[in-house]
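One letter stands for each residue in the lines below.
Protein chains: 4
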Amino acid sequence: MAFDFTVTPRVADWRDRIAAFIAGTVVPREQEAFAGGVTDELRRELQRAAREAGVWAPQAPAELGGGGFRFDETAVLLEEAGTSLLGPLALNCAAPDEGNLHLLDMVATADQRERYLKPLVAGEVRSCFAMTEPPPGAGSDPAALRTTARRSGDGWVLSGEKHLITGAEGAAFSIVMARDSESGGASMFLVDADNPGFVVGEHARTIDRTTVGGHCRVTLADAVLPADAVLGEPGRGFAHAQVRLAPARLTHCMRWLGAARRAHEIAVERAVEREVFGAPLADQGMAQQLIADNEIDLAAARAMMWHTAWQLAQGSRGTEESSRTKVFVSEAVSRIVDRAVQLAGGMGTSEELVIGRIYADIRAFRIYDGASEVHRMSIAKRVARRTRERLNP
Amino acid sequence: MAFDFTVTPRVADWRDRIAAFIAGTVVPREQEAFAGGVTDELRRELQRAAREAGVWAPQAPAELGGGGFRFDETAVLLEEAGTSLLGPLALNCAAPDEGNLHLLDMVATADQRERYLKPLVAGEVRSCFAMTEPPPGAGSDPAALRTTARRSGDGWVLSGEKHLITGAEGAAFSIVMARDSESGGASMFLVDADNPGFVVGEHARTIDRTTVGGHCRVTLADAVLPADAVLGEPGRGFAHAQVRLAPARLTHCMRWLGAARRAHEIAVERAVEREVFGAPLADQGMAQQLIADNEIDLAAARAMMWHTAWQLAQGSRGTEESSRTKVFVSEAVSRIVDRAVQLAGGMGTSEELVIGRIYADIRAFRIYDGASEVHRMSIAKRVARRTRERLNP
Amino acid sequence: MAFDFTVTPRVADWRDRIAAFIAGTVVPREQEAFAGGVTDELRRELQRAAREAGVWAPQAPAELGGGGFRFDETAVLLEEAGTSLLGPLALNCAAPDEGNLHLLDMVATADQRERYLKPLVAGEVRSCFAMTEPPPGAGSDPAALRTTARRSGDGWVLSGEKHLITGAEGAAFSIVMARDSESGGASMFLVDADNPGFVVGEHARTIDRTTVGGHCRVTLADAVLPADAVLGEPGRGFAHAQVRLAPARLTHCMRWLGAARRAHEIAVERAVEREVFGAPLADQGMAQQLIADNEIDLAAARAMMWHTAWQLAQGSRGTEESSRTKVFVSEAVSRIVDRAVQLAGGMGTSEELVIGRIYADIRAFRIYDGASEVHRMSIAKRVARRTRERLNP
Amino acid sequence: MAFDFTVTPRVADWRDRIAAFIAGTVVPREQEAFAGGVTDELRRELQRAAREAGVWAPQAPAELGGGGFRFDETAVLLEEAGTSLLGPLALNCAAPDEGNLHLLDMVATADQRERYLKPLVAGEVRSCFAMTEPPPGAGSDPAALRTTARRSGDGWVLSGEKHLITGAEGAAFSIVMARDSESGGASMFLVDADNPGFVVGEHARTIDRTTVGGHCRVTLADAVLPADAVLGEPGRGFAHAQVRLAPARLTHCMRWLGAARRAHEIAVERAVEREVFGAPLADQGMAQQLIADNEIDLAAARAMMWHTAWQLAQGSRGTEESSRTKVFVSEAVSRIVDRAVQLAGGMGTSEELVIGRIYADIRAFRIYDGASEVHRMSIAKRVARRTRERLNP
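For the protein sequence lines, the chains are Z, A, F and S, in the order given.
Everything in the first sequence is counted per my numbering, starting at 157 for the first residue and increasing by one.
Everything in the second sequence is counted per my numbering, starting at 157 for the first residue and increasing by one.
Everything in the third sequence is counted per my numbering, starting at 157 for the first residue and increasing by one.
Everything in the fourth sequence is counted per my numbering, starting at 157 for the first residue and increasing by one.
Just so you know, these hints were derived from the structure itself, not from any lab.
Hints may contain errors.
For chains that are exact copies, the list does not tell them apart, and a pair is met inside one copy or across any two.
Subject to a maximum C-alpha distance of 20 Å in a straight line, what follows is the list of computed SDA-like cross-link-like pairs (lysine to any residue) [what the hints assert, rightly or not]:
#1 274 to 251
#2 537 to 425
#3 537 to 435
#4 274 to 204
#5 537 to 431
#6 537 to 429
#7 537 to 475
#8 274 to 304
Values in this document were obtained by computation on a predicted structure and should not be read as measured data.
Next comes chain Z alone, as it looks inside the complex (with noise of 0.2 Å):
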């Protein structure tokens, strides 16, 4: 059989149940996070009730303790969980710590699962990814990373500066990448959180809020690790790196298409009930031009992400794919909610309606996880090469 786009039952129970805890329980803690900040005892309670409500991250392996859904179902059920902007969280399958398990799952020794997949699935602790430094170290060209790691004794030495480090404020462990010595490649490090060389500095002041633990400037200073604090193989941190991120790139797709799907209902609601100059908003040609729109960027959003999240879970690097749809989706959201802040006026850009909440908060989303630029010129470089080997064979 050629193509199919049936949601299997298990598929479509969980995504029902996701929508259930997040409208039963999620959305009623919204303000208060929006007004004091995300703290890690609301996350507590919600993950809580997420595991009781019996929709415990989706995305990590059944003997893990997760859903165990294909890549291609998870799409389905973290676009769910992204409807409220608490979601992932509440369900354990936000950024970074998703991503993290993801990678520890492909490339963590039996060690290292114990000791850090286990706890971060479980929800018990949280976790960061320390790459992103500040100019002129990595960032958009990774290649310019700047922390080192050198060989000391059986251990490693890390020094450098990181910054705009999600979560690293709480979290118990980071994934630190750094330049190692010996390979001469990047390699990536698990570095413990009460290790005194590891130094969580300011956080950034972006305009989202709803982030638990910040974007923080860490400090590896001179933070002595043992030879194990390794993850994956030394001198291939760059390809780890890559097992992380390109599915990484589409559960932040997932998710923010979720956020941007109830940026849009809440906007039709108002539209709806809204009378101006004698009509209904929603029944006057320039709100039906934003209503279209956004069910047309919504639609073409999620198909063109459902067949990248199929080729990833085919086994396929996805590499073109994942960057196309990142391109894409990050900025069909941001157009979708920039129409629904819109549509809903002059409480469009305010919190008590969430439009204006997840206005600011997805605007990042162009920038990281590859800024659409460097994903552009990503995509540009492959198709010119294809070209010029079909021209000069």
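Position chains A, F and S against the provided structure of chain Z, taking the given hints into account.
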């Protein structure tokens, strides 16, 4: 199993043979068609070659001599056919015959099948579909239909003015939409071209060039029709039109996506070969952006189209999905071809490079088969209705 | 002589002094305002400094202590003031005081000038403008006004609900729009903040941060007003609002254009200093596109704004021009700041770089003072009316 | 005095007479030109009529028989001329003659003025400008110039290939750019069309139709030229080209803005007359959006164009301003005409409604006289340079 995007071996085989046929047989005839117009002679030559190449009418039922592919499989094949502006005609999957063929297959009587469907699917004749009228008649708003069918004995007399009737010049017959005096609703009629009351007038001088038979004024000058000229049920013309329109919109998307891909590929070929400011054009940032945006739009349009085609293949009416997809794809292909023109530079608007011709020919797709605005209105109305029902159950 | 775009020496002198004042005095206070909000204490400090720097209230009449500049000259100066989000407040040319000041200058009685205009222009007090109401009241459609003013003896009693009243908290007085029982039309009233019937309620929790006094709920709880509280002619409230709105739209454009220019400049500064993939970011094609598009949008917005400001300075009501300009500039500045965020990369959404704050604060400008959609409707209606008159003279 | 946008009585008088001439004399000849191409016979007829109507060559110096208007005044008049695709030709202010005329007026010797400029300004002959070469020659990157001029006795021998030379067929002479063997730089040469080494080849089959003399291949087949064939200073060809290009870009903007306005007006006329879904199309929201966006783009493009034309009139080289304006106006007119097509519906791509022809003819404007990408690159480089100088004084 959940999602599946596997292309079956039979589809892949046809796709590859269509690609070879387009490249080897159709493309070499493009320039003469651009210069002198598409004649029926050229059509017959190309169609004969297509039958010999075993790529005839992929979308048509197997029992009628076509490929017998499912609608989502057709999506793959018609995209390939569309990579030449003459491809769909050569494969007998071009508008308006392809849509008429489908409609006849759905609603024609045994006699009508014999008389109209068989020669049409065999490529012996061409046909047209006469619905659109000059203002203030049926256009974006089909309900404004003014052509009338009044009873006269057993038969009917049709009177009215149609315009922009694609392929009318040289068509063997036309399906004509008229308001019938009996049901008060709209009915469809099969009108032979040699009916003295079927008068083909001037061609609209539109900027497209590759449609055989023009976009013609057609006068129904009290055309006398026998009783069995009614196609489908009397009074259910609009319902039958929907049978034709939802898939016809999608097949337009398939073909034009192929054309857009072709324009993109030609432009990229030039961009890798051309040096500007000391480097290949394809390696420069703004050119990379044009290239990447085209890749992204192609992938998004294709994913959305596949999903909607699958829904139609499952028996869904797919009105809303096909509206969304028609708007997105028609606007995406416009963007893609526009970028291809820009990337190709000075020769970008020329027929030599083909791109210029695609640019001019593709423009009307955002208008026919439902202008973007009409689809958006329809999409928004459905969303508003659903939202009202949700809020006030 | 025909066109002239010469900036006079006096304008150039003020512009340069404003620039120096913003850079030297206002910018250093931004971060504390972003962190803690804009207090009246900070406002007073900055205003004192502005008076000392000789850049006080450029738009206000000279006889009131302002700069006395023509409206098109004001365009140059308020753009400069807008380069800090605190600049307009410091120079006493911020909304809503600036618009109220202009309105009072046009229609206030001698007593009202003494009591309200003089302290306002001197910066001794702040004010607010209470027109917008929660749905289904006055919003995009002012005619939906529900707040009432009924006669009571010589005076009036005002009752109703307002929301999103910018600056209400801490304002000394408000101009309140209400439907008066006598004229049946709308009238404006001057209401002292200490009137027991003037109740300032909750702040809308919107994503902007740099407005002093919030966007508040205001209840007119049977507020008793004396006879001389009417501002302008009774029943002509909407006409007076137009006196305020057309120039107020433009001054918003001027200030936000400055803010957008600032965001752009900061982003370019980073882009020239930052190396990515072996070259300065600013020299790479897609970054060049962001930079160039910003330059183009800035120039187009400025040219259009100057033209409209000149027309208003000539005494034209400029309704259509100011609608066009408001839509274009509000959308252009959104694009510009969005590109600046993207160009600045990971820190682009942060307050440290200022751009993030501008991004969040500027969003509502496409909604207030007439949403883009309302202006577009109004523009199209005028064009349609003119076209009908031309066709059927 | 500061800004002034007053249109002087003389400009207003010419503008109104041009409008009347276009409507009364030029528009009635459009359809024959669209059908049969623009012949030199039609050109001569229209030009005779223009002289009689007193609207001849508004941009040309008065002492040469033109209108003698300042460049910013010319902006008003050429926009009016551009409202018919044949208007600029009729008034002798069309490309490429208008630019050649300006260039000759700036740099030609007395003899050259007599021999080339006088008949050109009188409309006795046409000319062309041969700079562009097929890849890998001069195109977006003029420095890639490959046509050579080598000394031969007193004179020169020109050899090379040009393409897309507008108006070459039937031109009396050409200004040819070549790399001269003596200076090593580029020089301009006046080449008579009857020079046996000046060979006009095939017309590019581009989708535009209203250019007299096509876009031709031109071969310089060892064309022997006398010493006095050099135009301007040897070796300063690129500098002279700038003299031509900055104003020529602007005059393109002026003319195309007129064409876009015309398309918009025709579309609005249809929209007010056409009823769809029970109401005039022009009164429906999405149509209003198309109409309003066109009004906004027209106003923004005009304001920007006036400003830049004024700067050029003041003697500024205006390189950066004319780049910004060329990009904005060329893209704005594309958007405007595209919206006009959409608004006009089914006949929107037809020549009968004129809009279809404008749509096809206007596309190349985003490519010639500097593709949008080339101008953006140039704009961004200047901004980056200025920013670097500011940061490191």
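Verification of the supplied hints:
| no. | hint | verdict |
| --- | --- | --- |
| 1 | 274 to 251 | within (17 Å within a copy, 55 Å between copies) |
| 2 | 537 to 425 | between (44 Å within a copy, 13 Å between copies) |
| 3 | 537 to 435 | between (51 Å within a copy, 14 Å between copies) |
| 4 | 274 to 204 | within (16 Å within a copy, 60 Å between copies) |
| 5 | 537 to 431 | between (51 Å within a copy, 16 Å between copies) |
| 6 | 537 to 429 | between (49 Å within a copy, 14 Å between copies) |
| 7 | 537 to 475 | within (12 Å within a copy, 32 Å between copies) |
| 8 | 274 to 304 | neither (28 Å within a copy, 64 Å between copies) |
Of the numbered hints given earlier, the model fails hint 8 alone.
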